[in-house]
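**Q** The lines below spell out each chain.
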Amino acid sequence: DTEVTQTPKHLVMGMTNKKSLKCEQHMGHRAMYWYKQKAKKPPELMFVYSYEKLSINESVPSRFSPECPNSSLLNLHLHALQPEDSALYLCASSQDRTVTGADGEQFFGPGTRLTVL
Amino acid sequence: AQRVTQPEKLLSVFKGAPVELKCNYSYSGSPELFWYVQYSRQRLQLLLRHISRESIKGFTADLNKGETSFHLKKPFAQEEDSAMYYCALDLSGGYNKLIFGAGTRLAVHP
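From first to last, the protein sequence lines stand for chains A and B. Residue numbers are given in my numbering: position 57 of the first sequence equals residue 53, and the series is strictly consecutive. Heads up: take any position in the second sequence, counting from 1, add 303, and you land on my numbering.
If you are wondering where the hints come from, they were derived from the structure by calculation, not from laboratory data. If you're wondering where the values come from, they're calculated on a predicted model, not measured in any experiment. Any given hint could be a false lead.
[Claimed, not checked] Using C-beta positions, here's what the derived DEER-type ranges look like:
{"no.": "1", "chain 1": "A", "residue 1": "K36", "chain 2": "B", "residue 2": "G369", "range": "25 to 35 Å"}
{"no.": "2", "chain 1": "B", "residue 1": "K376", "chain 2": "A", "residue 2": "A76", "range": "41 to 51 Å"}
{"no.": "3", "chain 1": "B", "residue 1": "E370", "chain 2": "A", "residue 2": "T12", "range": "47 to 57 Å"}
{"no.": "4", "chain 1": "B", "residue 1": "L313", "chain 2": "A", "residue 2": "E48", "range": "37 to 47 Å"}
{"no.": "5", "chain 1": "B", "residue 1": "R306", "chain 2": "A", "residue 2": "L84", "range": "41 to 51 Å"}
{"no.": "6", "chain 1": "B", "residue 1": "G332", "chain 2": "A", "residue 2": "M23", "range": "19 to 29 Å"}
{"no.": "7", "chain 1": "A", "residue 1": "L113", "chain 2": "B", "residue 2": "S358", "range": "42 to 52 Å"}
{"no.": "8", "chain 1": "A", "residue 1": "E(-1)", "chain 2": "B", "residue 2": "F379", "range": "24 to 34 Å"}
{"no.": "9", "chain 1": "B", "residue 1": "A304", "chain 2": "A", "residue 2": "A98", "range": "18 to 28 Å"}
{"no.": "10", "chain 1": "A", "residue 1": "M23", "chain 2": "B", "residue 2": "R408", "range": "28 to 38 Å"}
{"no.": "11", "chain 1": "B", "residue 1": "K360", "chain 2": "A", "residue 2": "M11", "range": "40 to 50 Å"}
{"no.": "12", "chain 1": "A", "residue 1": "M11", "chain 2": "B", "residue 2": "D365", "range": "41 to 51 Å"}
{"no.": "13", "chain 1": "A", "residue 1": "N13", "chain 2": "B", "residue 2": "P321", "range": "48 to 58 Å"}
{"no.": "14", "chain 1": "A", "residue 1": "M23", "chain 2": "B", "residue 2": "S331", "range": "28 to 38 Å"}
[Unchecked claim] Straight-line alpha carbon distances no greater than 27 Å define the calculated DSS-like cross-link-like pairs of lysine-lysine that follow:
{"no.": "15", "chain 1": "A", "residue 1": "K36", "chain 2": "B", "residue 2": "K325"}
{"no.": "16", "chain 1": "B", "residue 1": "K400", "chain 2": "A", "residue 2": "K49"}
{"no.": "17", "chain 1": "A", "residue 1": "K32", "chain 2": "B", "residue 2": "K318"}
Cβ atoms here follow ideal geometry from the backbone N, Cα and C, with glycine treated the same way.
Given only the sequences and the hints, what does the whole structure look like? Please build it.
**A** Structure follows, in structure tokens:
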């Protein structure tokens, strides 16, 4: 299996809701990422997990809470979001760069399109 | 500061014409650069990485450290090349941090 899968494809939530985005890969990658992509803009890195530990948090508001329960799964828990958080949320995975021979390619999922009302 | 600049939002050419998508970077370390492509209704995917010096779908890109550039070129554009192209800088030194340029939309007309 050489794909990153994300669920759900679409999500509409109110500002008081709690929801979660899920991401899964079975390529044996030990680095996983969350990106946010607004319309007509490039992906912006939010979080990086390396060997199931959070290694980079790009000053993301605490209403976004990542979780990496095992090496294949990555969640993004959402709570008290704002309308400006509406965007496409992309998950990606790669070999960890500390691994000899890792070439840095990131494999992206199709994204979850989030709308906050 | 690390930065990737793609000066053109849109590049419009006719089929068979040469294409050059510009990318310049700013980084004090040893850069690792990539071109990612997003075709309509498809996921973002890797097109080229500078370390492999390969040609994919007729595209090539050469890292020019003197000019801090990594321009993407193809001698004869095809309609199926129409897509969004992102230049990306991977910070070296054990990081897994990818910084994207703003992207260039390539439109190839028949």
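**Q** Next step is simple, just say for each hint if it's right about the structure.
**A** Tested hints:
| no. | hint | verdict |
| --- | --- | --- |
| 1 | A/K36 x B/G369: 25 to 35 Å | 32 Å, holds |
| 2 | B/K376 x A/A76: 41 to 51 Å | 47 Å, holds |
| 3 | B/E370 x A/T12: 47 to 57 Å | 52 Å, holds |
| 4 | B/L313 x A/E48: 37 to 47 Å | 41 Å, holds |
| 5 | B/R306 x A/L84: 41 to 51 Å | 23 Å, violated |
| 6 | B/G332 x A/M23: 19 to 29 Å | 27 Å, holds |
| 7 | A/L113 x B/S358: 42 to 52 Å | 47 Å, holds |
| 8 | A/E(-1) x B/F379: 24 to 34 Å | 31 Å, holds |
| 9 | B/A304 x A/A98: 18 to 28 Å | 25 Å, holds |
| 10 | A/M23 x B/R408: 28 to 38 Å | 29 Å, holds |
| 11 | B/K360 x A/M11: 40 to 50 Å | 44 Å, holds |
| 12 | A/M11 x B/D365: 41 to 51 Å | 48 Å, holds |
| 13 | A/N13 x B/P321: 48 to 58 Å | 51 Å, holds |
| 14 | A/M23 x B/S331: 28 to 38 Å | 32 Å, holds |
| 15 | A/K36 x B/K325 | 18 Å, holds |
| 16 | B/K400 x A/K49 | 15 Å, holds |
| 17 | A/K32 x B/K318 | 33 Å, violated |
Taken one by one, the earlier hints fail for this structure at numbers 5 and 17, listed in ascending order.
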